[in-house]
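Its first residue numbered -4, the sequence shown is counted upward by one per residue in this note's numbering.
FYI, nobody ran anything at the bench for these hints, they're computed from the structure. Glycine is no exception: its CB is placed at the ideal position from the N, C-alpha and C atoms. Among the hints, erroneous ones may be present.
Pairwise CB distance ranges (calculated) [as the list claims (entries may be wrong)]:
| id | residue 1 | residue 2 | range |
| --- | --- | --- | --- |
| 1 | His62 | Trp34 | 29 to 37 angstroms |
| 2 | Asp32 | Pro71 | 16 to 24 angstroms |
| 3 | Ile65 | Arg33 | 30 to 38 angstroms |
| 4 | Gly50 | Pro75 | 22 to 30 angstroms |
| 5 | Asp56 | Gln29 | 16 to 24 angstroms |
| 6 | Glu25 | Arg66 | 19 to 27 angstroms |
| 7 | Gln29 | Val84 | 34 to 42 angstroms |
| 8 | Ile65 | Glu25 | 20 to 28 angstroms |
| 9 | Ala21 | Asp83 | 19 to 27 angstroms |
| 10 | Arg33 | Asp83 | 35 to 43 angstroms |
| 11 | Asp41 | Asp83 | 34 to 42 angstroms |
| 12 | Arg33 | Glu63 | 40 to 48 angstroms |
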Amino acid sequence: MLAGTPDWSRSGGCQRFHGRAIWSPASEWEHWSQSEDRWTQIVMADSVRPIFEAGLVDLVDVHHVVHETIRFEPTPGHTPGHVSVHIDVTG
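Using the sequences plus the hints, can you model the full thing?
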């Protein structure tokens, strides 16, 4: 499982994440994929878009529930759609 901003793969591309579940909040992807910033476009083209094009990412809501004990929790402010992963270990 991987959650975070779409710059996860700056060193390794698709091979680094093959066979793993990758979720990205849709609003986060929309923000970064439409950026006109030159450096963002370079990172997206080199390391992020290939992962999406390979079908390795599922776009989800910021309230995505992976399991009853693992869920996304919106933590707005850092970037649009930013989330933290909440893990309940009390169970």
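Problem set entry | Whether the CB-CB distance between Gly50 and Pro75 falls inside 22 to 30 angstroms | 24 angstroms, holds
Exercise. Is 35 to 43 angstroms a correct range for the gap between the Cβ atoms of Arg33 and Asp83?
Worked result: 41 angstroms, holds
For this session: Given the hint of 16 to 24 angstroms, check if Asp56 and Gln29 actually sit that far apart at their C-beta atoms.
Result: Cβ of Asp56 to Cβ of Gln29: about 19 angstroms, so the range 16 to 24 angstroms holds.
Exercise. Do His62 and Trp34 keep their Cβ atoms within the hinted range of 29 to 37 angstroms?
Worked result: Hint holds: Cβ distance 36 angstroms, inside 29 to 37 angstroms.
Exercise. Between Glu25 and Arg66, does the C-beta distance stay in 19 to 27 angstroms?
Worked result: 21 angstroms, holds
Problem set entry | Cβ distance range 34 to 42 angstroms for Asp41 and Asp83, holds or violated | 36 angstroms, holds
Exercise. Falls inside 19 to 27 angstroms, the C-beta gap from Ala21 to Asp83?
Worked result: 24 angstroms, holds
For this session: Note whether the CB distance of Gln29 and Val84 lies within 34 to 42 angstroms or breaks it.
Result: 37 angstroms, holds
Exercise. Is 40 to 48 angstroms right for how far apart the beta carbons of Arg33 and Glu63 are?
Worked result: About 43 angstroms separates the Cβ atoms of Arg33 and Glu63, which means 40 to 48 angstroms holds.
Problem set entry | Range hint compliance [Cβ, Ile65 to Glu25, 20 to 28 angstroms] | For Glu25 against Ile65, whose Cβ atoms are near 24 angstroms apart, the range 20 to 28 angstroms holds.
For this session: Look at the Cβ atoms of Ile65 and Arg33 and judge whether their distance stays inside 30 to 38 angstroms.
Result: 36 angstroms, holds
Exercise. Lying within 16 to 24 angstroms: is that true of the beta-carbon distance Asp32 to Pro71?
Worked result: 20 angstroms, holds
Checked against the numbered hints above, the structure breaks none of them.
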